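Just so you know, the sequences run in chain order A and B. Quick note, in UniProt numbering, the first sequence goes up one by one and the last residue is 634. Quick note, in UniProt numbering, the second sequence goes up one by one and the last residue is 634.
Everything labelled a hint here was simulated from the structure, so no lab data went into it. Careful: at least some of the hints might be erroneous.
Because identical chains cannot be distinguished in the list, a pair is counted as satisfied if it fits within a single copy or across any two copies.
Taking lysine-lysine and the DSBU-like style, the derived pairs with C-alpha atoms no more than 30 Å apart in a straight line are [claimed, not checked]:
1) Lys117 with Lys265
2) Lys265 with Lys324
3) Lys324 with Lys501
4) Lys177 with Lys265
5) Lys215 with Lys265
6) Lys117 with Lys324
7) Lys215 with Lys177
8) Lys501 with Lys117
9) Lys117 with Lys215
10) Lys501 with Lys215
11) Lys324 with Lys215
12) Lys324 with Lys177
Just so we're clear, the structure is a prediction, and the values are computed from it rather than from any experiment.
2 protein chains.
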Amino acid sequence: MTSTVHSPITPSTEPESVLALARQLRVDSIRATTAAGSGHPTSSMSAAELAAVLLTRYLRYDWGDPARRDNDYFILSKGHASPLLYAMYRAVGVIDEAELLGTYRRGGRLEGHPTPKLPWVPMATGSLGQGIAYATGIALAGTRMHDEPYHVWTLCGDGELAEGSVWEALDKAGLNKLTRLTVIVDVNRLGQTGQTEYGWDVAAYAARARAFGCKVVEVDGHDVREIDAAYDAALISDRPTVILARTVKGYGCSAVADSPEWHGKPLPADLAEQAVAELGGPSHLRVMGPGPLGADERDATRRRHVPSPTPPFVQAPTFEQGEKVGTRVAYGKALVALGEDQDVVVLDGEVGNSTGTGQFEEAFPERFVQSYIAEQQMIASAAGFAVRGWRVHAATFAAFLSRAHDFLRIASIDGPPIHLAGSHCGVEIGPDGPSQMGLEDIAMMRALHGSTVLYPADANSAAQLAVAANRLPGISYLRITRGSYPVLYPSDEQFPIGGSKLWGEGADDVATLVGAGVTLHECLQAARELAHEGLPVRVLDLYSVKPIDARALRRCATRTPLVVTVEDHRPEGGIGEAVAAELTDVPCLVRRLAVRDVPGSDTPERNLDAAGISARHIVRTVRETVTRATADSA
Amino acid sequence: MTSTVHSPITPSTEPESVLALARQLRVDSIRATTAAGSGHPTSSMSAAELAAVLLTRYLRYDWGDPARRDNDYFILSKGHASPLLYAMYRAVGVIDEAELLGTYRRGGRLEGHPTPKLPWVPMATGSLGQGIAYATGIALAGTRMHDEPYHVWTLCGDGELAEGSVWEALDKAGLNKLTRLTVIVDVNRLGQTGQTEYGWDVAAYAARARAFGCKVVEVDGHDVREIDAAYDAALISDRPTVILARTVKGYGCSAVADSPEWHGKPLPADLAEQAVAELGGPSHLRVMGPGPLGADERDATRRRHVPSPTPPFVQAPTFEQGEKVGTRVAYGKALVALGEDQDVVVLDGEVGNSTGTGQFEEAFPERFVQSYIAEQQMIASAAGFAVRGWRVHAATFAAFLSRAHDFLRIASIDGPPIHLAGSHCGVEIGPDGPSQMGLEDIAMMRALHGSTVLYPADANSAAQLAVAANRLPGISYLRITRGSYPVLYPSDEQFPIGGSKLWGEGADDVATLVGAGVTLHECLQAARELAHEGLPVRVLDLYSVKPIDARALRRCATRTPLVVTVEDHRPEGGIGEAVAAELTDVPCLVRRLAVRDVPGSDTPERNLDAAGISARHIVRTVRETVTRATADSA
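Excised from the complex, chain A in its bound form (with noise of 0.2 Å):
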């Protein structure tokens, strides 16, 4: 029996001691997952030793400044291990034993996958896949700048190896020589419904880490002494390293181990306790890990530049009015502007001379990113370097940011401020086709938690909004158009986001024109035509597509019968729903033009009519509209 040692766990500790812990973390899984009702303890069990060896020897950190800069990272990818993560922070001393009982209860924070509730959570896991990207970013933004030397572990099942994004990872990490992340694979063999892919074939594995850049080390899961080899190695890699632990799923309960029914499922009481006794007890171990760094390194570590917390004022670049310059062509000199702040780092997916983001690249080469053509880890990258405090750009075309859906859903658990811009959105492209048309991306955007969406239509307004969204918390998105168009905003006009500009408005005015980026220039167009037809009407430049100007919008449709919103976007979860959304108890009719069909390669202008969102669609449906409702009331 262990389960009244009192004096603290320390790195010079004897590997029975470590063993005992790894005890404790298994028993703690279980009572806490049994007690919650719910939970994973067999996929945490597996893992016992390696988070035991980790914690006591090698995972340098000082759990009462968790903000610390030299602290390492530990970030737990397969996220449903939570209870064993939970378990580790109890034998520090983090939470006490009432919340590790109380995990996934109302308002905790211990929760089912962990989230960045927790000062020791960077970013939440949940999603597998998703936690070596992270951990690469932030190993990445490390080397990337200043050579920092904390060193980044994380934990992945083998199930997630299946993942393309995993490979996404492990290729980026090789090819930085991400020597400070090591990848610790549990490999129990069993997924939630079977036998994962490979099984215990480590070999499998294996070779496909090392083909990545990777140096491998295949080490038996429950030996302490292996373990601890293993990381030690890594420490001294000359590449990330990559450590294949064969391990058994539920190990430490004979009733559950290496069985394929228990994924997922907290043991019944009865079994609980019987697994809690064979595995000791219940015990109070706590852990004095090595805490951060040495003296040298440390004051090493103080003279690195720390990004500030607070952005300095930054002058937007400013364009002539009537001057035709591109939304990317701002978008790209703002970013440059920006860059004057060395806090700010830009990441390409190799379209920098499509987005603008070569603009950056020209100017801070040391300060630009290159991520290739690998959208999910772009956004894990730039999520790496935000969790370390810089301030993060990242653009691509909108619709590969589709790409990336899931890890901007995951960023946006509480997550940090992460800068985006698509370009090529919409018909407006051309004769490239409907792949490369970002038509859903409004949609995807808005719908994610904390979101902010941007869509500026002229120059002034682009380089404007991407100097604000530099400020903003959450994802932020700015939606950046190919072609050039005409300048419309006098260089001091302010844009502040949640605004909207109003255009031409009139006591007479049939109708409101909603429109954003390229479409703002179709409705200014539609609206003079309309005026030499008798029918004025007023132009709302919607470039705060959420939060939304409601007040303007509410302010116009009360005046006008008619709102007409316009949208180089699919008529779902768009302009048009985010408009007819706030309007519905003021009496005007709505009509939302927006992308209906698939369409094809053709010049601007053509696709934009074919489409059925051009300046004569409009002019058309206001006429039709109006004399309709005139004929109704004659």
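Knowing the structure of chain A, use the given hints to seat chain B on it.
Frame of chain A; chain B shown alone:
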């Protein structure tokens, strides 16, 4: 000069003629893009020999009958090299010179990136890393179903090997020993903005492909003899084959060859003329490739089962009213009922015991495809089976379908029918926390072109809608719930797509509550409570979210001054906005209850309440709104 050769190039033709064909493919790529003023000639030129050998000697294809089931497949994963593909089509005689030179023109079918508008293109490509996944899916379908003898060839760029989805695909190719899949990688070293991750380091890719279970052949991609030997080896390989072809981007035109400046740029007219001259001028070679299979194999093919284009009538399983059954259980039972039709195939993302697909696995293991935790490839494989005519159903957690968003986007471009289900939607899942909750899935699925979105509240509607989905075109999505709830409808109730169900209509109703799935139960509970308070309301079951029952909604909204929508989903792009968008000209107030914060881990009931979408909140919303309205009018 070979421009006037009139005898067709056949499989037995000399290498010189194949080289002449390669020159023609280059010339045509240049001519088409220069005429269009758009496109990627240099990315086409690097692969001309690879294409010429394939077309002449390996691709067994009846160009007069693309629907033949014994045709091979050629999938252009590097979709931006469409000019090469179109040049190949001219060489086999299915498009003429006029159409080629009208590439990317209005109404034309030769788009910037290939789409299924062309009868020889089964799936759109152009989002990199996807064509190889669809090719894998099509090869998997042939291997799993009756060991069909067609070969699948796909041409990738080296840049796209950075996409995780490529390795997700090769993992499945290796695991399933897809001997009839050959991946040709055009390693031309240059991406859009510069050198790719590994440039011409073909060995780096070779190690990876081998580790993923593929045979690897390295060739000089401009040497037709080497290419020929590689293709020959691929045909007799006992594994999928990856051919790594070292090539030069823009090969054949000295002014642009191997230059990073010429990605995605058509040659100006003068340079094009010079390049065409350098390549020997335009030619009109005609290829007569090997054609599909010999007579013996063809007979064998004929004896194989061909899926019927018309699904048989299937009786949905039924459930007793009042019984508590999860919609995911009903979905599983419906799949089993559908499975009596031997043309139905079901794919799982290793959560079959959660989604209900496990029931199908037990009943029809031979038509159950385990995709493991790899949602992108699950969708790509589903597309592959669907391309082959199978009726495909695939399911995972609603949240994790977001991982495959870009695949769904591409599949929605005139792709084949794919029937999806997403389980564990919303905060209703309870203790597992926000990472597992599908809260953005309705927005994502609605915005896909041509999609159908269904969200049943009980087992009878779930089963019927799953059966109905089996006949739908495009992408259909069934949103299913974790918990078990009472069966609401009699077993003979009908649930047409686009319909709704009205509960408790009365002349004095003060409000219409609109719910679907779990929130319908909350609406019904609220209605009972409100009736006690003397506030009668009606409830609309919006089980068909897209298409939406606009008529029923408008009818309700004109009769009750208040409409309350309740959804276990984010407020953007979901039920509330869909409803609001239908009702803008009806003078009623729409109040939208949805999940606005980051949810936590708790019981389903408490999660619904904390999110503000429980019966209690619905009651309060109606009570407060009606009271306020009464006060205002007093």
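inquiry  = At most 30 Å between alpha carbons: which applies to Lys501 and Lys117, within, between, both or neither?
reply    = neither (38 Å within a copy, 41 Å between copies)
inquiry  = Please sort Lys265 with Lys324 into within, between, both or neither, judging by C-alpha distance up to 30 Å.
reply    = Answer is between; shortest inter-copy Cα gap is 22 Å, intra-copy 61 Å.
task = Can you give me the call for Lys215 and Lys177, within, between, both or neither, at a CA distance of at most 30 Å?
result = Close inside one copy (10 Å) and across copies (27 Å); limit 30 Å.
query = For Lys117 vs Lys324, is the C-alpha pair at or below 30 Å within one copy, between two copies, both, or neither?
reply = neither (46 Å within a copy, 35 Å between copies)
query = Is the C-alpha distance from Lys177 to Lys265 at most 30 Å within one copy, between copies, in both cases, or in neither?
reply = neither (39 Å within a copy, 34 Å between copies)
inquiry  = I want to check one pair: Lys215 and Lys265. Are their C-alpha atoms no more than 30 Å apart within a copy, between two copies, both, or neither?
reply    = neither (35 Å within a copy, 41 Å between copies)
task = Have a look at Lys324 and Lys177 and pick one of within, between, both or neither, based on CA distance no larger than 30 Å.
result = neither (43 Å within a copy, 55 Å between copies)
task = Could you figure out if Lys324 and Lys215 sit no more than 30 Å apart (CA to CA) within one copy, between two copies, both or neither?
result = So Lys324 and Lys215 fail the 30 Å test inside a copy (52 Å) and across (52 Å) alike.
ask   = How would you label the pair Lys324, Lys501 (within, between, both, or neither) given a Cα cut-off of 30 Å?
value = Close inside one copy (20 Å), not across copies (53 Å); limit 30 Å.
query = Within a copy, between copies, both or neither: where do Lys501 and Lys215 come within 30 Å Cα-Cα?
reply = neither (56 Å within a copy, 60 Å between copies)
ask   = 30 Å Cα cut-off: does Lys117 pair with Lys265 within a copy, between copies, both or neither?
value = Answer is within; shortest intra-copy Cα gap is 24 Å, inter-copy 49 Å.
query = When no copy is specified for Lys117 and Lys215, does a C-alpha distance of 30 Å or less occur within a copy, between copies, both, or neither?
reply = Classified as neither; 33 Å inside a copy, 47 Å across copies.
Of the numbered hints listed earlier, those contradicted by the structure are 4, 5, 6, 8, 9, 10, 11, 12.
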